[in-house]
Every structure is written in structure tokens, then in C-alpha cells.
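Colleague: Following the hints, complete the assembly by docking chain H with the ligand onto the known chain G.
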Amino acid sequence: MDVFDKLKILTDAAKYDVACTSSGVNKKAAAGGIGSAAASGICHSFSGDGRCISLLKVLMTNVCAYDCKYCVNRKSNDTPRASFTPRELAELTINFYRRNYIEGLFLSSGVLKNPDYTTEQMIEALRILREEYRFFGYIHAKAIPGTDSGLIARLGMLTDRMSVNIELPSQSSLQLLAPDKSKHSILAPMKYIQNRIQENSTDIIKYRHAPKFVPAGQSTQMIIGATPDTDFQILNLTEGLYKKYKLKRVFFSAYMPVAENALLPTLDTTPPLWREHRLYQADWLLRFYGFTANELLDQQHQSFNPFLDPKCNWALHHMDFFPMNVNRAPYSDLLRVPGIGVNSAKRIVIARRLATLQFNDLKKLGVVLKRAQYFITCSGKATGNLKITQDKVLQSLMSEKTLGMYHQSFPLQSQNKQLSLFEQPSLLLSGYPQEDLQRCLTSPI
Amino acid sequence: MFDQSNLIYRYDGSFDGLLCCVFESYDKKEIPTEIILPDTSQTFLFTAKEIKTDIEKSSRVLASIPEKMGYDALNFIRRAFLTCAAKKELYILLFLRLGYRYGRSIMGMLTDDTVNTLFKAVKHLDNESHLLKGFVRFSIFNNVLVAQIEPKNYVLPLMTQHFSERYPEERFFIYDKTHGMALVYQPYQSAIIPIEDLELPEPDEQEQSYRELWKLFYDTIEIQGRHNPKCRMSHMPKRYWKYMTEFGSSPKKSHLKLEDTAKFLIP
Ligand code: SF4
Chain G
1 MDVFDKLKIL TDAAKYDVAC TSSGVNKKAA AGGIGSAAAS GICHSFSGDG RCISLLKVLM
61 TNVCAYDCKY CVNRKSNDTP RASFTPRELA ELTINFYRRN YIEGLFLSSG VLKNPDYTTE
121 QMIEALRILR EEYRFFGYIH AKAIPGTDSG LIARLGMLTD RMSVNIELPS QSSLQLLAPD
181 KSKHSILAPM KYIQNRIQEN STDIIKYRHA PKFVPAGQST QMIIGATPDT DFQILNLTEG
241 LYKKYKLKRV FFSAYMPVAE NALLPTLDTT PPLWREHRLY QADWLLRFYG FTANELLDQQ
301 HQSFNPFLDP KCNWALHHMD FFPMNVNRAP YSDLLRVPGI GVNSAKRIVI ARRLATLQFN
361 DLKKLGVVLK RAQYFITCSG KATGNLKITQ DKVLQSLMSE KTLGMYHQSF PLQSQNKQLS
421 LFEQPSLLLS GYPQEDLQRC LTSPI
Chain H
446 MFDQSNLIYR YDGSFDGLLC CVFESYDKKE IPTEIILPDT SQTFLFTAKE IKTDIEKSSR
506 VLASIPEKMG YDALNFIRRA FLTCAAKKEL YILLFLRLGY RYGRSIMGML TDDTVNTLFK
566 AVKHLDNESH LLKGFVRFSI FNNVLVAQIE PKNYVLPLMT QHFSERYPEE RFFIYDKTHG
626 MALVYQPYQS AIIPIEDLEL PEPDEQEQSY RELWKLFYDT IEIQGRHNPK CRMSHMPKRY
686 WKYMTEFGSS PKKSHLKLED TAKFLIP
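Chains as they are written, first to last, in the numbering used here: chain G, 1 to 445; chain H, 446 to 712.
Chain G extracted, bound-state conformation:
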């Protein structure tokens, strides 16, 4: 099998992995080396589905001894199999890197023979890259659950980022769909990596040139919509992972039906992209906007509102928090206004030191007034003579078509009555508004 065939098979098998960022570490090549990394990450292209391509994302092999039911590479699936040799993979990477196609390598793998053997193959590929080619670019490697911790330690010295996939948001879902994996086999290496990162950071303080262990931190991902786990459970789990395991990122991937199985959604199910999108928005709110999971969802309201992003949804239910005086409000409060993002909030704080801000100033600072106007005042003044009704606010937040659908799902009894925003619409999946689907994961809220 030539390298074209291998690349095709092993890319195809890796494409459902979400993470492709090259962020989290700044470095440059030492003399005689090649490669650098930028903390902000660099996208080298965008694929037809709109996702960033930063790293050469491939599997070492798609042969797998396990039989996770949601996975194209599961043992029982009849699909062509291939494996890179460590040297083939290293050469492919370095040649793509020289041409500036990529920022580095994202290496994952099916379980060939057993987790230790697989990890040894990965280590050898990375060793060739780092030692023979003196490659300093970005490497993200997946830790295979069940791998010996000594091997994980070696892998970690060769990579910038590592990840252990949570795969499914609950232990019961795992038991059902990934019989070879358990909560323990996933969380144990995650904990181990976290401890090593911590130890290593104290080493680096003591000895400046101590080699770095996973300097860009670890991330994880989970599949959304293959199991009945709710948004509330998923978001709580996410928050826990950030807090307990100090993860850099949690990624979500809408389940694409790849197998006929009574335990899984049928093959004609459309992937729940809107849920994935809402989860990413909520994830941003956790990481950059000072929200907690319990503010966004709770026991009674376990699913996101499909028509409103989580921040707007929160704001509409906390109208007592508004209107907010943008010339006075602390930064952390500004962040809670729909239409004000991290950048515009920062600019407001700078600009208001020198002048009292008016509405037309806010536009210049990047505030989306169409949304924000209902929630703010500029030193006592609200925009014009807006009478704020919830329906007005809703109109401003949605397109006409979406608003129509919203009203179908949440019938409006009378203009003045409190909208029953909290009830879940009955049929979410079929009629989800297009424009929100087209908005990309990274769009600011």
C-alpha cells in the first residue's frame, strides 16, 4: 500500500476528532532545528465543513482491538485498514511543515495489539521528529486509555499537548457503548498527566532548563447526542473537568451516525449541530465570561433554548440585573450584557476613562447595539424611547423567520404576560433555524 492510500484511510479515520488547535505554547527552534509555535495558535486552512486545519490530524493506525459502538474504527466494522510506519509519518509531517501546510501533528491511534504497543509506535514517530529532524513545531498526542504510565510519561516529554477523550458524558453511557473503556481507565491517565504537568512546572522553576512535559496542557472531547445525557449534565461535567483536572479545552462533537446499532440513534439521524453550537457558546461563557454552569442551566431546565444563545437566555431571565450603566458598571458585569464581548468590554473600560460614552461611541468600540441597547444605559439615557417588552427584545435577537418559529414553540398568550421561556419546545430537531447553524463555533457571543 502506498503512502497516498495510507494517508487517505488514516485521515478519514481521524476526521471525527474535533481538536485541531495548535494553541497554548510559545516557542522557537533552537539552532539547527526547525519549527516554532504561537500561543494563540495558527490555522493553516479551513476544510469544506468550516473547521480550522492547523495540524496534520491522522491516526497511527486504524486497526483496533476494541469495539466502541459509536466509532468507525471499531473491530467489528468492515472497513479498509492501514498503519503508518513511524518513519513514514515523521517524513510526511516534516515535508508538510516545510511547505507551511501545517503547524504540526495531531496523532491519535486505534489500539493495535494493546495500548502499550500502540503508544510505543507513536513514541517512535515522535522521537524521529524531535531527535532526528530536530522538529520544534506543535505536537498533540492522544493518550490511549490503559497505557502504562511510564509510557505516557515518555510520550508527554515529546508532545506539547495531550488529550484523553472522555468519549461519552456519563459512566452508564460508556458501559453501554464502549465496553472496553471505563470512567477509571479514562480519568486515571488524565489525573496522571495533570500531576506530571504540576510536578514539571515546579521543576522548571528550580532548574530553568528542565525538559517540559506537555507545556500546552491537556484537553478532552466528548460525543454529543449519541446518548440521552442532557446539556445540563454535559455542562456540569465540563465545568468539573476545567476545575478538577485543569484542562485547557473541552471539545464537543455532534454524533454523526456511523453504525447501525439498536443502542444508537438511527443512521438517518441528523447530527445535533445546534446543541454542539450551544455547548460551545456555554463553554466560552464558563471560560471567559465568568458564568457558572448552574447559572445557565439547572435541574428544572436541562436543555439549552434552541432559539436563544445561553447568554441572551440568561439575560432575559435576569431583567432585574439590567439596564446597566456602561459608564459605571464593572468589567465583570459588562461581560454579561448580550452584544458586549470580551474585546468590546475591555475597550469600554479603557475609553470611558477619558470620556463619558454615548451610544454612538459604543458602536465604534464594537458593541452590537442591536442586541445591547435593551440592556444598557449611557449615564441615565436609554436609546431613544424604546419601550422594552420581552417581545421587542426577542425581535432584536432573532430574525423574523426564527421569531416565527420561536412563537410557534412558545405560544405568546398576551404581550404583557411573562413569556414561558423556560418550557422546552416539543420538536427541536426538525425546525432548527438555519442561520444559527451557519454561525461558526468560534463566533463571539
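Just so you know, not all the hints are guaranteed correct.
[To be verified] The calculated DSS-like cross-link candidates involving lysine-lysine, where the alpha carbons are at most 25 Å apart (straight line), are: (1) K513(H) to K565(H); (2) K568(H) to K364(G); (3) K687(H) to K597(H); (4) K363(G) to K565(H); (5) K370(G) to K622(H); (6) K578(H) to K248(G); (7) K28(G) to K578(H); (8) K532(H) to K364(G); (9) K370(G) to K675(H); (10) K568(H) to K370(G); (11) K346(G) to K568(H); (12) K363(G) to K568(H); (13) K346(G) to K675(H); (14) K364(G) to K687(H); (15) K27(G) to K578(H); (16) K364(G) to K597(H); (17) K69(G) to K181(G); (18) K532(H) to K363(G); (19) K660(H) to K8(G).
Think of the hints as simulated: they come from the structure by calculation, not from any bench.
Being a predicted model, the structure only gives us computed values, none of them experimental.
Modeller: Here is chain H with the ligand on its own, set in the frame of chain G:
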């Protein structure tokens, strides 16, 4: 005497030249309505006032900027000068006049129209240079890395450090077709030089193979069930596609054994 309302400066297009315009504006207590380049076609009714570049004057202005308004402001107008914003020269002059008046706080006057215009222009520049750090595609000819770009802003000065740190041991060449300039690098020095045109040789077999491997990867990595051309376009505007390998002419498959190809890379 020049009438204030249609005073036009003509300068030589250099940063020093622009600083001399600032000098002139202070010296003569006048504010131009336009600052034009030597080759600007003469559509103006009024003749322009020729501003000679005088290093002594420009260095005086240069030294006064960090002193009066801080290094951030100097760094900022240097970047503003690289942008493709209309009338950027005039805005830089107006910005500096504000800076002499308000001092360091100029960098916080984000709602002032002059400051705001320049901030937006610089953001556009930073954005474009960031995108191009990823979108530049090299071809390898005789072990030299060669790329072409067609940016709106003059981004080469902002890309030098990045690529020098990425490829310290390589020789590379990035040709900016819009501005007729090229960034050239060999260990361990770089320069930006004027270049008229660039004709690239046919790729050799190895180069061709890697291009095709990359296209194969690019096409395969997409999840078809999530096809979303609008999202792709918003992240990667079409004007960048022209020089990107993944959108090049159709692949013809050639056979390549990777083991042989990268030997020269191993010391
Ligand atoms: S171990 Fe990984 S590759 Fe193998 S079947 Fe499970 S998810 Fe797929």
C-alpha cells in the same frame, strides 16, 4: 501662501517622508487636507506642496513621539503606515497632532474618529498578517522555499520574525505581488527587497507529490455531513485561495516512497 482648505502635501512615500510632513505641518502651523504619493495622478485642481525628505527633521519628529505619547503610540503609527487604509498618511498626521496635545492618553481615545479609523486599519493589518502566517504556501525548488502572496496590507515586515523563527536553517523567499516586494531569508539574516515579477519553475516530482498528498488530506479531512461553505468562507476569504496548494489544479497521482525523499533533511 497655500490656502488651508485645499492644502495638499506630496511626499516620497517613505515613513521618514511622512514624518517630515508632520514637521512641516507644525513648522508652518498648517494642516493639509491630503497627503499624496509622487505618482498620484494629478486629478487635483491645486498643485501639491512638495515635502522634501530630510532625515534631520524626521529624526527629530521620531524622537519626540515616544517622549510625548509613549512607545505604544510609535509602534502603533509604524503599523498604521503599513496598512492599506485610504488617506492613512493624513490620519497618521492628525493622530500625531492629537498625541502632541493629549500625551499618552491618545492610545485610550478609542471613540475619537481619527484614532478609531487608525485602530480599525491596524486591526485589519494584524488580522491579515495573522491569517497569512497560516495561509502562505511554499513550494520547494532546489531546496529553497518559495511562496507568493497578494495581501491588501503591506504585511511582509510583520511576517519576518515569524518565518525566521520557524525556519532558521532554511532559505526562503516570500513574494508580495501587490507591493512588488519580497522577503528573503538565509541563515541567519533577512531582508525585504523590491522585486518586479516572479516566475516559478515547474515543480519536480517530489514537490508535485507533496502537493497532491496535501490536497488529498485537505479533501479527506472534511466531514461531509457538516459541509458548510459559508463558514469556511468567513474564516478564509476567497481572495486568499489563489495561492493555496489545496485549491490548485487537479491532482494526478504519482507514486512516491517517503523513505527516499527527506533524506537530505537528516544531518
Ligand atoms: S478504542 Fe478508539 S479507535 Fe478503537 S474503537 Fe474505541 S474509539 Fe474507536
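Colleague: To test your reading of the hints: which numbers does this structure violate?
Modeller: 5, 13, 14
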